[in-house]
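J.: Use the sequences and the hints to build the structure in full.
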Amino acid sequence: MTAERAIAQDIESEVRHAQEHDEAGNSKFGFIVFLLSESVIFISFFVGYAIFKTTPVGEWYPPGVTGIETKEPLFNTLILVSSSFVIYVAERYLHDYLEVKKNGKLWGFRLFMLLTMLMGGYFLYGQMVEWSGLPFTVQSGIFASMFYTLTGFHGLHVLTGIIMQTTMLRRSFVSGNYDNGYFGVEATSLFWHFVDVIWIVLYILIYVWQ
Amino acid sequence: MTNISISPDEITRGQPYPGAPDNWKRFFTFSTDHKVIGIQYIVTAFFFFLVGGAMAMVIRSELLTPEADLVDRTVYNALFTLHGSLMIFFWTFPVLVGLANYLVPLMIGARDMAFPRLNAISFWMIPVAATLMLASFLVPGGPAQSGWWSYPPQSIQNPTGNIINGQVLWILSVAINGVSSIMGGVNFVTTIFRMRAPGMTWFRMPAFCWAVLAAQLIQLYGLPALTGGAIMLLLDITIGTSFFRPENGGNPVVYQHFFWFYSHPAVYVMVLPVFGMFSEVLPVHARKPLFGYRVIAVSSVVITVISGCVWVHHMFASATPPWMRMFFMVTTMLVAVPSGIKVFGWVATIWGGKIRFTTPMLFALGGISNWVFAGITGIFLGSVPIDLHVHNTYFVVGHFHYVLYGTIVMGIYAGIYHWFPKMTGRMYYEGLGKLHFALTYIGVQAIFLPMHPLGLQGMPRRVASYDPEFIYWNVIASLGGFLLGVSVLPFILNIVSSWIRGPKAGNNPWRAYGLEWLTTSPPPVENFEEIPVVVSGPYGYGKNQPLVANQARLGTIEEPATS
Ligand code: HEM
Ligand SMILES: [Cu+2]
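For the protein sequence lines, the chains are A and B, in the order given.
Under my numbering, the residue at position 104 of the first sequence is numbered 104, and the numbers go up by one with no gaps.
Under my numbering, the residue at position 196 of the second sequence is numbered 196, and the numbers go up by one with no gaps.
Just so you know, these hints were derived from the structure itself, not from any lab.
Just so we're clear, the structure is a prediction, and the values are computed from it rather than from any experiment.
You may find that some hints are simply not true.
Said to hold, decoys possible - FRET-style restraints, in silico, Cβ to Cβ:
no., chain 1, residue 1, chain 2, residue 2, range
1, A, 159, B, 127, 42 to 50 Å
2, A, 81, B, 369, 57 to 65 Å
3, B, 545, A, 81, 54 to 62 Å
4, B, 385, A, 50, 44 to 52 Å
5, B, 32, A, 128, 53 to 61 Å
Note that the Cβ used here is the ideal one computed from N, Cα and C, for glycine as well.
T.: What follows is the structure in structure tokens.
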């Protein structure tokens, strides 16, 4: 009856497997699937950018424009990229706090989350300054359309990320209840890394490839 | 042996929730039960099927005579645009998502979808989006008129000068529908990956679930591309960007790439679940295991991949370089391989089986025969020289309606009849069902077959008037169309009356395998009294093998003695 034994063992392990599939795990899995899907929107914009740029129908840049300033945005890029590490540190603090249950360390989470928010906010501010100094509008042809759409759409994602961070920070003060795990924080952090990676590609496409 | 322990509050779960009609209010509330949501989807979709169908009746009445005498040309444009859009976005997608919603958790032995609340939100976006689309009749200038594909430059023109115009409402409506579908995709993929009952390995999962998984993966990689294109279109109309305006450096053909990168695979979002239903219906009603189950299951995923590489076959007549035409011609032909494998598997399944010609079986067989025909004309369209000849003629309209009506709608009917006893606890009336089938099958041939010679003779699509030389086939097509309109009546009569007082069906009237038949009809709130432990695949007909660990549950199957 080895076959039956094998089946029984099979079932045994399956049951265990199924029980491990808790809700938080589902949420994380689902959120990653969602982010993969979301990245396709950006990819399609990027591909569109490459096509418009390499097979021009008319002028690429608006009249009088030959390129775009890269220094300020580079600084902005550095801020955003480092904020990805900062939020990682925040997440680690929360993790340690929950695993070791030492109250003292929750401040670490709060501090680094706040720092992430500030860095994100600074990034948005820098982008606003950049936009207001540009010599063209969204109607000035294909490059302008791409530029404002891409950076604007990305900016909306940064804003969403900051809102998520605010919620997570607030939750640590208001309910402070992590009985069901801290999926919200994980999701916020995943989202922030995602926004970051997208920006790097975007920076290379728009600012480096001129 | 191995049972998952039951907590006291689970005992109440054993109660079947009362079926209609005493509890019909259930279906009008914000419920998170996947079965209620499933039926909400199906019923809502049917409403828009009727609205879109009514538009088709007007369209065919217009085409009864060569002159444009029934409706204005702009009204005609609006009609075929909304007919196509409603049928795709608010009938086929939602009805299939509804069926999948109802069936997938039952078939994989789960208590619900992974994210029940998200599921409900996904559903409620559908009526909102559809209302928005229909509301475009009320704005100045009327609804969108540039067809369901909304190609620029037509679609970015705005003659009325209003920001709120039919085209903008169309885009918003499609966008809301898209968000709903992406959330649905996340939900289905998570559910199928992570909520299968113990013992339900990948190759013990019903072919329908494989098909739903494959279809939902397409939603996840394809819809965002369409969203990208739609955002650009919206910005072009509203704030004057120039993505698709050649005079400002833009390129309208790029939109076509965005659109078809999604909308070709979208055909498989619609047809794969139907294939899945064929794969469930045929074994039950022929009393034989699904032939080549593993191959059929995997071919769904193969189709998902290939169908993402064929979109340019819709653009052979656009400014497409020759190498692109060649490449996409070859990939297009490749899809025939997994599709052909499926047909082969179905034929082998019923070969020598004890076939019961029930209504679902008839619809499945009819749907498969139409699919074979549509596949052949599809190969024609996939070859560049023929496509350049018949592009944008009625040949194309005939081809895609064989897919959309002949295969998909008929497959949906097969599924609805097949699982109707499960959903309602009651049996439909077989006679009315057969009448419905006969009218539908004859109607489909009578309207869509004549479109092929029409197209070969050169009648363009999307026109309200035509050369009198085309009148012969057009009259036949219109009469067939009216027959198809009539064919819906016995269906509605059947469903409504048998839902109210049809004969009680019992839990497993077809003596089918598959987890969904192990629970009550209709199933209780959380589907199963205890989560079943699966020990074999779902197609054990004639093999008498147990499906779940708890043998006693198998008493419901009573396999007749077969060799
Ligand atoms: C009685 C049933 C139906 C009739 C009589 C009918 C008839 C028509 C006609 C005459 C057109 C216009 C073709 C043209 O001018 O290019 C059309 C377009 C279309 N139909 Fe149907 N149809 C029916 C059912 C369906 C169904 C069930 C679906 C989808 C599930 C569907 C999807 C479409 C689409 C996508 C278009 C293209 C619209 C466009 O050109 O933008 N139809 N139909
Ligand atoms: Cu196609």
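J.: Hint by hint, work out which the structure violates, then give me just those numbers in ascending order.
T.: 1, 4, 5
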